[in-house]
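Peer 1: Each chain is listed here by its residues.
There are 2 protein chains.
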Amino acid sequence: MTKELIETAFLDLQDDIIRSLEAADGKGKFRVDRWEHKDGGGGRSCIIEKGNVIEKGGVNFSAVKGKLSEKMSRALEIDAGEFFATGVSIVLHPENPHVPIIHMNIRYFEMDNGEYWFGGGIDLTPHFIVPSQATYFHQGLKNVCDEHDSSFYPRFKTWADNYFYIPHREETRGVGGIFFDRLNEKTTQHTKDELFAFVIAVGRSFAPLYTHFMKDSSSKSWSEHEKKWQLLRRGRYVEFNLVYDRGTKFGLETGGRIESILMSLPQHASWEYNFTPEKESAEAFTLRHLKKDIDWLASDLTEGR
Amino acid sequence: MTKELIETAFLDLQDDIIRSLEAADGKGKFRVDRWEHKDGGGGRSCIIEKGNVIEKGGVNFSAVKGKLSEKMSRALEIDAGEFFATGVSIVLHPENPHVPIIHMNIRYFEMDNGEYWFGGGIDLTPHFIVPSQATYFHQGLKNVCDEHDSSFYPRFKTWADNYFYIPHREETRGVGGIFFDRLNEKTTQHTKDELFAFVIAVGRSFAPLYTHFMKDSSSKSWSEHEKKWQLLRRGRYVEFNLVYDRGTKFGLETGGRIESILMSLPQHASWEYNFTPEKESAEAFTLRHLKKDIDWLASDLTEGR
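As given, the protein sequences belong to chains A and B, one line each in that order. Be aware that the first sequence starts at -11, since it is given in this note's numbering, and climbs by one per residue. Be aware that the second sequence starts at -11, since it is given in this note's numbering, and climbs by one per residue.
Isolated chain A, as found in the complex (with noise of 0.2 Å):
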């Protein structure tokens, strides 16, 4: 498994998921950018804004290679060297608030002593939780990971929790999902080729799980009221993103195009001081379920409020 063979079938998964999105939302068209690395490699970013359903996001594709700085080097803790990086990352952020944000991500790092890992991830970040949809997105991600190992979901998922959480808030990003890095022969039992079948399992993953959640919510109206509150929620996501997310430090600190990095940001976002929602609103059952360790597999969850 060469990592041309890799950077191909990343760039044919980014292809199907536009091809799906596209397909799901029914107005919006992705732009294709091309760009290219200071130290080589380059990437190509799609980005969607003013669909039907996803408001703005990006499909974004990146292979580029260069030598790791000591201190990304010392925050990798490998060996500096010359290192290739390819992945497909996503970010949609939907217009209508009842349509959770989504996010994936699948990688593959290489250095020029021979190290690799493969690395990734999807989490789901509703403005609004309702647990059966959390229930079907971590139904989906176990009955992915459990064709390749079946301790793979439970340790991925509280792997997420612990990535996807925002300490200053004490909340985590949403229902979490799955995250997982340094994948290898010596961190797991599996060979590189069954590693990569699992990283693309995870990839292929994503479009029928999302668009399943674009065409199920919607339809649904919204209030003023809710809208606002997804935009408070949205500031969440930008506190998460730009104190805490480790690819978008990477990229920051890699000299990584800054308009692909930050595609991951929403149109719009607020912030209001010591916003407090109303006990027993919907708004107050998502914020007591911004949790680490929920079993979303659970039987025993309420519906709403």
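Among the hints, a few may not be true.
Copies of the same chain look alike in the list, so a pair counts if it works inside one copy or between any two.
Taking lysine to aspartate or glutamate pairs in the EDC-like style, the calculated list, with each CA pair at most 20 Å apart, reads [to be verified]:
1. LYS215 with GLU260
2. LYS38 with GLU212
3. LYS55 with GLU70
4. LYS26 with GLU158
5. LYS237 with GLU266
6. LYS38 with GLU260
7. LYS216 with GLU83
8. LYS216 with GLU247
9. LYS53 with GLU(-5)
10. LYS53 with ASP21
11. LYS17 with GLU260
12. LYS15 with GLU241
Since the hints were made in silico from the structure, they are not lab data.
Given chain A's structure and the hints, the job is docking chain B onto it.
Peer 2: Only chain B this time, still in chain A's reference frame:
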């Protein structure tokens, strides 16, 4: 000059600034929240929302004690120990795109081994740069500095250019101002009393400077186009504060009160993929002048586009 006297002077300053801003705004009233820090001390957060001129802003006072974590003591390059920190921090986001965003901070820091310093700064972030406004602002700051030390303005102006900078955008946050840190008997030729007098003078210069801009520009009408640009510029403000601002990082890492720290974020902000203003527009003029090392006191600056 004890820390108790400094704390009291900062509290008085907060009172005076709030009175001046309420008078100039004519509608907005500050809401006062007192809070306690987990390790000792606390603060008084004064927040204004939906005024005539100010859409959202805060004038915060705090005086907190705590034990410096190893991480923080490394970052500050001082020995670990008990610290005391007091300061006044202001960020104001006006509703009208023709009124600039402003930030002011003065602070005093003391370790239990007797080491201390003053820090602070004021910087202006116009959504549309108007050279005569920047000149007025810098002249005001230079006048304050010159009464205390003629070397201060040029040193602190350059310091602000470097501090209020967004590397990933290659843009300054606005037209700069002054920034200074670690001022004490060792780093300056001044006594503690003299430095305190300087810092208080900086604090006292804030209200006359900013209420001048409130009166001068808030009657100007604005277009939807200009509002949109304001929201994009506020997006940059969010990027600076969450990615780079040391005060924000210090607050988040030392367990400060989140709602007080993040009062610096605007009510609404926007991001648009790859937004490029039209040539010869006021927006393009602004972007061209978001650069370090512009001498705003020079007489050869041309107005507008």
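Peer 1: A separate judgement is required for each hint: does it hold in the structure or not?
Peer 2: Going through the hints against the structure:
1. In this assembly of identical chains, the alpha carbons of LYS215 and GLU260 lie at most 20 Å apart whether taken from the same copy (14 Å) or from different copies (19 Å).
2. Proximity of LYS38 and GLU212 under a CA criterion of 20 Å is satisfied in both settings, with 19 Å inside one chain copy and 18 Å between copies.
3. In this assembly of identical chains, LYS55 and GLU70 lie within 20 Å of each other by CA distance solely inside one copy; the values are 4 Å within and 41 Å between copies.
4. Proximity of LYS26 to GLU158 under the C-alpha cut-off of 20 Å is restricted to the inter-copy arrangement: shortest distance 16 Å between copies versus 38 Å within a copy.
5. Taking identical chains as interchangeable, the C-alpha atoms of LYS237 and GLU266 are never at most 20 Å apart, the minima being 36 Å within one chain and 30 Å between chains.
6. Taking the shortest Cα distances, LYS38 and GLU260 sit within 20 Å of each other only across copies (11 Å), while inside one copy they are farther apart (25 Å).
7. Taking identical chains as interchangeable, the C-alpha atoms of LYS216 and GLU83 lie at most 20 Å apart whether they share a chain (12 Å) or sit on different chains (18 Å).
8. In this assembly of identical chains, LYS216 and GLU247 lie within 20 Å of each other by CA distance solely across copies; the values are 18 Å between and 26 Å within a copy.
9. Within a single copy, LYS53 and GLU(-5) get their C-alpha atoms as close as 12 Å, which meets the 20 Å cut-off; across copies the closest is 52 Å, which misses it.
10. In this homomeric assembly, LYS53 and ASP21 come within 20 Å of each other (Cα to Cα) only inside a single copy, at 19 Å, whereas the closest approach across copies is 51 Å.
11. In this assembly of identical chains, the alpha carbons of LYS17 and GLU260 lie at most 20 Å apart only when taken from different copies (16 Å versus 33 Å within one copy).
12. When the C-alpha separation of LYS15 and GLU241 is checked against a cutoff of 20 Å, the pair qualifies neither within a copy, at 35 Å, nor between copies, at 44 Å.
Checked against the numbered hints given earlier, this structure breaks hints 5 and 12; the rest are met.
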